[in-house]
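With these hints in hand, go ahead and build the complete structure from the sequences.
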Amino acid sequence: MEEGEDEVKQGAILGTARPGDFLFLKGAMVSISGPGKKRFTRLIAFFPLTITVFVSLFGVSFAEIPKRIISLAPNVTEILFALGAEDRVIAVSSFCDYPEGTKLKPTVGGMSNPSLEAVVSLNPDIVLFSIDGNPKAFEERLRSMNVRTFTLRSRRITELPAGIRQVGAAVGAPDKAEALARETEKKISALEERERTIRKPQSAAQRQKVLFIIWPEPLIVAGPGSIADDALQMIGVLNISGNTVSSYPKYSIEEIIRQAPDTIFIGKGTGMDKVADGLLKRLKSVPAVRNRRVFYVSDYLYRLGPRTMQGVEELERLLR
Amino acid sequence: MRSMKLKIVFIVCIPVLAFGLSLVAGPKMINPFSADDISREILFSIRAPRSLVALLMGMALGASGAVLQGILKNPLADPYILGISSGASLAAALGIMAGAVFLGTFTIPLLAFIGALITGSIVGIMGWKRGGLWPERLLLAGVGLSFLFSALLMLFMSISNDEGLRKAMLWIFGDLSMSEWSKIPYGVIFVGIGVLMSLSRAKALNALILGDEFAHSLGFSPHKERFILFVAVGLLTAASVSLGGMIGFIGLLVPHIIRFFIGSDSRLLIPCSALIGGALLCVADIISKSVLPPMELPAGIVTAIIGSPYFLYLLRRKNVLSI
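These protein sequence lines map, in sequence, to chains A and B. With positions in the first sequence counted from 1, the corresponding number in my numbering is that position plus 794. With positions in the second sequence counted from 1, the corresponding number in my numbering is that position plus 20.
Read the hints as simulated data drawn from the structure, not as lab findings. Glycine is no exception: its CB is placed at the ideal position from the N, C-alpha and C atoms. Any given hint might turn out to be false.
Said to hold, decoys possible - List of simulated lysine to aspartate or glutamate pairs, EDC-like, C-alpha gap at most 20 Å:
no. : chain 1 : residue 1 : chain 2 : residue 2
1   : A       : Lys1078   : B       : Glu200
2   : B       : Lys187    : A       : Asp1093
3   : B       : Lys187    : A       : Asp919
4   : B       : Lys93     : B       : Asp232
Unchecked claim - If the Cβ cut is set under 10 Å, some of the chain B residues that face chain A in the computed set are:
no. : residue
5   : Lys48
6   : Leu63
7   : Ser65
8   : Ile66
9   : Arg70
10  : Ile128
11  : Ser178
12  : Ile179
13  : Ser197
14  : Leu312
Written out as structure tokens, the structure is:
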């Protein structure tokens, strides 16, 4: 009965709700009309109500779905494309490089220095930001000019599903967002389940020691609060740099030798293999290097978006 | 005279002690006489080359600062004022953007060294008029080039979307963690040549500080001496930037600190600035590794934080009116 009650509640407060809120209701209806006969009968029961609501707010809700979207963060852009909002994205930042379609979109400047003029002159319905990397002052400026904005606040992998739902609600694609969020949640819980059953018996000392290198010279690694650290915890290994004070700390080489990681991951970047060679030569006594357990991995874990879980699964596969 | 000898013995001992301390101290203490395999490896292949690079770099900065303040007759001159470091970082950035990885870990230091030498030559050409180098012209040419090159570097950084370039350029803000044995011979050669060149012209520098006419009357050719000293400064700065990027404070303030203690005779000022510069960077590096282990702080921050208050204290304390 829970979903039905929600529907009644939402219907009841519709009188006071802003028209845009109707988007949430639409999402709720779609989820009700999902599989299962029971749900279907429930829908029949509320049919008169839903149809009234639907008709009365139809026009308004469509006007509220943003048709001109600008995304200023690569991970938000990836989410938008995954939600099928590609055609409504009119411009992106110059850092948005995935998927391929982004390359056809005009850019309005970098992440930290987008051009206010370029954004405003495109007359966007909504401008999307990410909490890290985009300047907050820029968002406030747009708001003061009555441009709708949305900031994705998720930083950790566990916050990703909620973030996807929020983006979906903001751009009027709640159903697709729900599907993507559920898929992500399923992957997260599958990994957590595997960790509970397979790796839990191990004590902290028995866990594999892993180091995730973001950049080799100067040596920058994944610290606490970074996506890569989340991923390592999720697959039940010990991140040797998980106890520093910064998310992306400059790390001590002698400390790596002392900690002796069993596996080293190196995130891919330009000319990375050549640069990393020098570092690995100096780490030649470390078990990971000795036993050839140094892996170059994709850059999926550098962005919190639809590809993040693929990045986690990649690490999991390599460690298995 | 006796006390002067004592001071000099003291100044010679400090870098030796600093080097020894830097082998033992760090994120974890290592006892060199009872070290296990891991500690021994850390000692020989991580700490020893790093401390040597710190010493060499500090020596280069201290000596070139002392010489430059003399030939420019300006107490605010430091080795980076001639734009040599901006030229080095610009060359390194251009090389990385062009995909230059031909020499592995040597690529960036080499690019930086070449960039520094080219910039030094341009400054020299700009400062050259009527058969010689003129202090004011050198200074202004250096400042001008420095602005131009920093602006170009910022331009490339802001139009580039390559996150790798940004990270690869972090070294320019002072980074000793990349030090390894293979870089030390080059460091020793260039820093050695630079320091010896400066020392051999120290007497002439003393005369130059008192004025070109005075130097001339003592039998020195001001233009020739200034040129030799300028080449020495260029070599020292280029070597230091390519060894570990830019580290502030040492080149500017260590010579002043030395002047407080032993006066401004260049024959003593240059070697003592070099020794104390090296020791200071060595100690700063120990601190930068040890305060937040296993994280490392940029050594340049530490040199300024421990050095500046001491300098200000001396400035108040010592009875000197002009420096």
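To see whether the hints hold, each was checked on the structure:
1. Between A/Lys1078 and B/Glu200 the alpha-carbon distance is near 14 Å, which keeps this suggested pair within the 20 Å criterion.
2. The hinted pair formed by B/Lys187 and A/Asp1093 meets the criterion: a straight-line CA distance of about 15 Å does not exceed 20 Å.
3. Among the hinted pairs, B/Lys187 with A/Asp919 is inconsistent with the structure: their alpha-carbon atoms are about 35 Å apart, more than 20 Å.
4. Taken as a hint, the B/Lys93 and B/Asp232 pair is honoured in the structure, with Cα atoms around 11 Å apart against an allowance of 20 Å.
5. At about 7 Å, the closest approach between the beta carbon of B/Lys48 and any beta carbon in chain A falls short of 10 Å, and the interface hint on this residue holds.
6. A distance limit of 10 Å between C-beta atoms decides the matter here; for B/Leu63 the minimum to chain A is near 9 Å, and the interface restraint holds.
7. Interface restraint check for B/Ser65: the shortest CB-CB distance to chain A comes to about 6 Å, inside 10 Å, so the restraint holds.
8. Evaluation of the B/Ile66 hint against chain A yields a held restraint, the C-beta minimum of about 5 Å falling below 10 Å.
9. With a least beta-carbon distance of about 9 Å to chain A, the hint placing B/Arg70 at the interface is held under the 10 Å criterion.
10. With 10 Å as the threshold, the beta carbon of B/Ile128 comes within range of chain A, its nearest partner Cβ sitting at about 8 Å, so the hint holds.
11. Hint status for B/Ser178 relative to chain A: holds, with the closest Cβ pair at about 7 Å, below 10 Å.
12. The interface hint given for B/Ile179 is met, as the beta carbon of that residue sits about 8 Å from the closest beta carbon of chain A, less than 10 Å.
13. Using the Cβ-Cβ criterion of 10 Å, the hint placing B/Ser197 at the interface with chain A is satisfied: the shortest such distance is roughly 6 Å.
14. Proximity of B/Leu312 to chain A holds as hinted, the smallest CB-CB distance being about 6 Å (cut-off 10 Å).
Going through the hint list in order, the structure does not satisfy hint 3, though it satisfies all others.
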